[in-house]
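Visitor: Residue numbers (the working numbering), protein chains in the order written: chain A, 39 to 341; chain B, 39 to 341; chain C, 39 to 341; chain D, 39 to 341.
The hints are simulated quantities; they were obtained by calculation from the structure and are not laboratory data.
Honestly, I wouldn't trust all of these hints.
Copies of the same chain look alike in the list, so a pair counts if it fits in one copy or across any two.
[Stated by the list, open to error] As a list, the in silico PhoX-like pairs of lysine-lysine whose alpha-carbon atoms are at most 25 Å apart:
#, residue 1, residue 2
1, K325, K159
2, K324, K61
3, K325, K61
4, K67, K116
5, K159, K116
6, K61, K116
The lines below spell out each chain.
4 protein chains.
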Amino acid sequence: MVSNNALQLEGIYPPIPTPFDAKGHVATKALTGNVRIWNKYELRGYVVLGSNGELVLLNDQERLRVLEVARAAIPADKLMIAGTGCQSTLQTIELTRQAAAIGADAALVITPSYYRGRMTKEVLIQHFHTVADTASIPVIIYNMPACTGIDLDATTVIAVAEHENIIGIKDSGGNVVKMGEIRHLAGPTFQVLAGSASFLLPALSVGAVGGVLALANIAPHQCLAIRQHFLDNEWEQARALQIQMIPVNTAVTRGWGVPALKTAMDMLGMYGGLPRPPLLPLSEDKKEDLRCILQEAELSLLR
Amino acid sequence: MVSNNALQLEGIYPPIPTPFDAKGHVATKALTGNVRIWNKYELRGYVVLGSNGELVLLNDQERLRVLEVARAAIPADKLMIAGTGCQSTLQTIELTRQAAAIGADAALVITPSYYRGRMTKEVLIQHFHTVADTASIPVIIYNMPACTGIDLDATTVIAVAEHENIIGIKDSGGNVVKMGEIRHLAGPTFQVLAGSASFLLPALSVGAVGGVLALANIAPHQCLAIRQHFLDNEWEQARALQIQMIPVNTAVTRGWGVPALKTAMDMLGMYGGLPRPPLLPLSEDKKEDLRCILQEAELSLLR
Amino acid sequence: MVSNNALQLEGIYPPIPTPFDAKGHVATKALTGNVRIWNKYELRGYVVLGSNGELVLLNDQERLRVLEVARAAIPADKLMIAGTGCQSTLQTIELTRQAAAIGADAALVITPSYYRGRMTKEVLIQHFHTVADTASIPVIIYNMPACTGIDLDATTVIAVAEHENIIGIKDSGGNVVKMGEIRHLAGPTFQVLAGSASFLLPALSVGAVGGVLALANIAPHQCLAIRQHFLDNEWEQARALQIQMIPVNTAVTRGWGVPALKTAMDMLGMYGGLPRPPLLPLSEDKKEDLRCILQEAELSLLR
Amino acid sequence: MVSNNALQLEGIYPPIPTPFDAKGHVATKALTGNVRIWNKYELRGYVVLGSNGELVLLNDQERLRVLEVARAAIPADKLMIAGTGCQSTLQTIELTRQAAAIGADAALVITPSYYRGRMTKEVLIQHFHTVADTASIPVIIYNMPACTGIDLDATTVIAVAEHENIIGIKDSGGNVVKMGEIRHLAGPTFQVLAGSASFLLPALSVGAVGGVLALANIAPHQCLAIRQHFLDNEWEQARALQIQMIPVNTAVTRGWGVPALKTAMDMLGMYGGLPRPPLLPLSEDKKEDLRCILQEAELSLLR
């Protein structure tokens, strides 16, 4: 199991979007500018090249460039967790190596999913363990059924978690029962991160140590406050804030996704910009709906 | 919306099994005996003729007999919620009328599901509202996707909940995000009950007022304690007990279902007996597994 | 396996709707009138009390009445297959017994589905074999995933089919690969009936002997012709007719279901009438769409 | 719609595996050797870099190398259809451009799927049309729900098919009803290819012009014969062969997938070799099962 001096993940992380300029190229200055704003909050760190970072739409060079620019903007006391999971085990190993060289503190490795009929427990264990064997940084499992069509069950997670270099899971599936089981069976040193703000408080209630939350890109204060109220046993306040955040969280996640998250960032004074095709920009009428939702949620960001 | 003097549902309810004798007939004395044991706990009431009551395997006469026997054994200060949902709207109305005449305090009405391709929002609203219009007792929506294949979405629940005689929902789907949304959008007078002990604490954390829990048949003390710790802000204890109950809850719900619940009751000194075909009794090796799980959970019942 | 003198099922069957009068009672004269029209075609027989017969919305007395009236109107040389499958094994046995007494030639037994988590291969085999053991008429398996959420796999069907009194399957799932496998593995005496006209020709192409087709209620001539062209190796004509029937078949099955089938019957001069709640009548605009679809398909019935 | 001189796709295509050597590198000579064997059959052409070609496990350089080697081995009178679909529209355009430069006759473009919640009809139409606009070779839609979790519905396919440079679809979903609808609604110039041998005959029966069949890698003679019997109205023979091929087809597709296909090629004297991780080689006991299945199917290849 994990050694005592394992990387401590407790806290809140935004999975940051990758900004593009008008020509569709990675907008590195915009990325730096965004990180500087987020740095003003007590976030534990960042996930770079996650689903919201459009990892699967970037080429090899762009992936490294985004990691380099992000690392330069992220202070040493905040974690940079790099999304490095590819369909191929070898490509995952290589991207993990590169991310470590650039200064990532941990690698977030999604389940391969294309050959899902073959993604048996045995195959998944071997994939994660092979990656973890060769990685010089700790590995975090990334369970993301809405994108992969694969929802890891508790027994598979427990088996994968036996590797000493696999320190936790970001679970975006929303099954808090399973999160509780994982927390129970994998032991206290295996760290569970909620994958969406929609179930942050329920996940904390069954033992999650924090969350990787798209919402934290545009509402870092509120996400941090939900966790702090929870830690302080201020239960009513935690619940009120959790429920208040549901509409805005839905809008920027399963409702309208990355295009909405980027538009919301633009509306709040950050740089969001356009998503990459095949993703399409938010339509004008949905932009208006989003604007109303943001206003109702009373979001604003430190400048 | 609900009037101020609406039925208050806060609390824990076992959905009680229907016991059968060796010939397969309803065992009325066994039913009475079981209720007397449960009456020793601070349960808010009982669900009779729910999924664990094998409603769909009973004929018309048996359904009424079970309600009568249960009501006679349940004290007036505890609620009897009767499962009255049938595929047909008319049959649901009729069974609800009969249950009210027998003394049920509320009716639990499951979504009709056979013609699921036709079960649009409009159809479901009309079904529930027609039943609620004619019912002399309050109606509780029963969302049970594991049995019906239908998982009500939040907007449908909100629309159904606008009827003044529809006072709450038992949600067995396990999506606590949705429970939070319903709680948020339907207002504080619409009461959400968790449909499984596996997510009792997470559900309470987003605003549920209690739970209808198969586990409460065999672990009433523990189910009550989870809720009490939550109410007392004893967060660590609530979580520890919630996590401790997961294996035994799984065994008697989605793991092995009604046959396991009945066997567990036998093992704990109540009357469980056999399920009705097509349900088969628990196999011998699973009985042994169950015995171990019960011992590990350290369950025992007041006598 | 089946004896040589087993009931031969080859042919086309409409699963006939149960007509209701203005008060919602079973309209027995309308039922008789409808059957007289269908009797003019070379149909092999009828399915009474199937999904289109709204079996699950009828009470015990109504079920027997429908069977009696139908049998009186169906000539002795045409088969009456009675839908007798209930959630309970005992109730299925009882309804099968009653149907046989009324003169049904075979029983169509749907998979029980409420406790779907428990509907293992073992449970399903035992259910079907218990029913077949006690039935005085042959049993046909009814696989209807769109209504039950359960899709029997080939190995389960093969195992169920080993009983000598189980002579075939009506498969409404549409997986023609599986139909081919079943036909291959269960042997030539086990008879496969397509459960929807949408895949009649493909099913015949892999060995089905006919079909139970909602479309045959309103387009018996066309359904019979597809099969006849197939038997005559008139491949192009079979395909053209099969493709031509797709829109109207979709309308009265997965598109708008029983309400549309009944409305189409009204439009073609039969007695359709209203469905039972929770099913709602077809809306006015969909009625117009349906009228166009019927006209385009050039349907008319013998009088 | 498609011009009269559009590429004619009628016929059978193996989606060829990408062979790797002992070090895991692309084995170009083995690829050439395999193609020379297949060239002895009356196949219409080949799909290179499909799902069986492990496209998603190859890096950019390897993809081009495989296309080059395959094109050199494929005679000019046989088609090379290149799998060029990536998650990103831009990368799909680029790979399609490169494939055309190498001599591919058409591009097979799979549905992007990672952001499946965003893959609306509008997004998919725009993706396919943007790719088709810029492609110098015709585009074929690739519907592969078992890998992507996305199953294109008929109306989306029809809308995508309106582009004059989109000439057909390879549909691996197995819904032959839908294939018939597409064939009916998109018109005779839009060409449907069955995506699996398991439903080749049913698909032909509703209007498909051929198939891209993993089975054609190891049983080209049988796949060709099924289609020829169909064309010759030799219905019984077609069906017998179709049914006979089901077990072996299942083994190398949804049963055990690419690893089994490669092992079967080894067993039949071609070069199969190992799949790339995360795919694992077939276990020893499954190898024995596969050997029996191949023997029972009486497969052998021309040398």
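Visitor: With reference to the structure, classify each hint as holding or not holding.
Guide: Verification of the hints:
1. In the homo-oligomer, the alpha carbons of K325 and K159 lie at most 25 Å apart only across protomers (19 Å), although the nearest pairing inside one protomer, at 42 Å, exceeds that limit.
2. Taking CA atoms no more than 25 Å apart as the test, K324 paired with K61 passes inside one copy only; the shortest distance there is 24 Å, against 47 Å between copies.
3. Taking the shortest Cα distances, K325 and K61 sit within 25 Å of each other inside one copy (22 Å), while across copies they are farther apart (50 Å).
4. In this homomeric assembly, K67 and K116 come within 25 Å of each other (Cα to Cα) only inside a single copy, at 20 Å, whereas the closest approach across copies is 50 Å.
5. In this homomeric assembly, K159 and K116 never come within 25 Å of each other (Cα to Cα): the closest approach is 34 Å inside a single copy and 41 Å across copies.
6. For a Cα distance limit of 25 Å, the shortest separation of K61 from K116 qualifies neither inside one copy, at 31 Å, nor across copies, at 40 Å.
In this structure, the earlier hints numbered 5 and 6 are contradicted, and the remaining ones agree with it.
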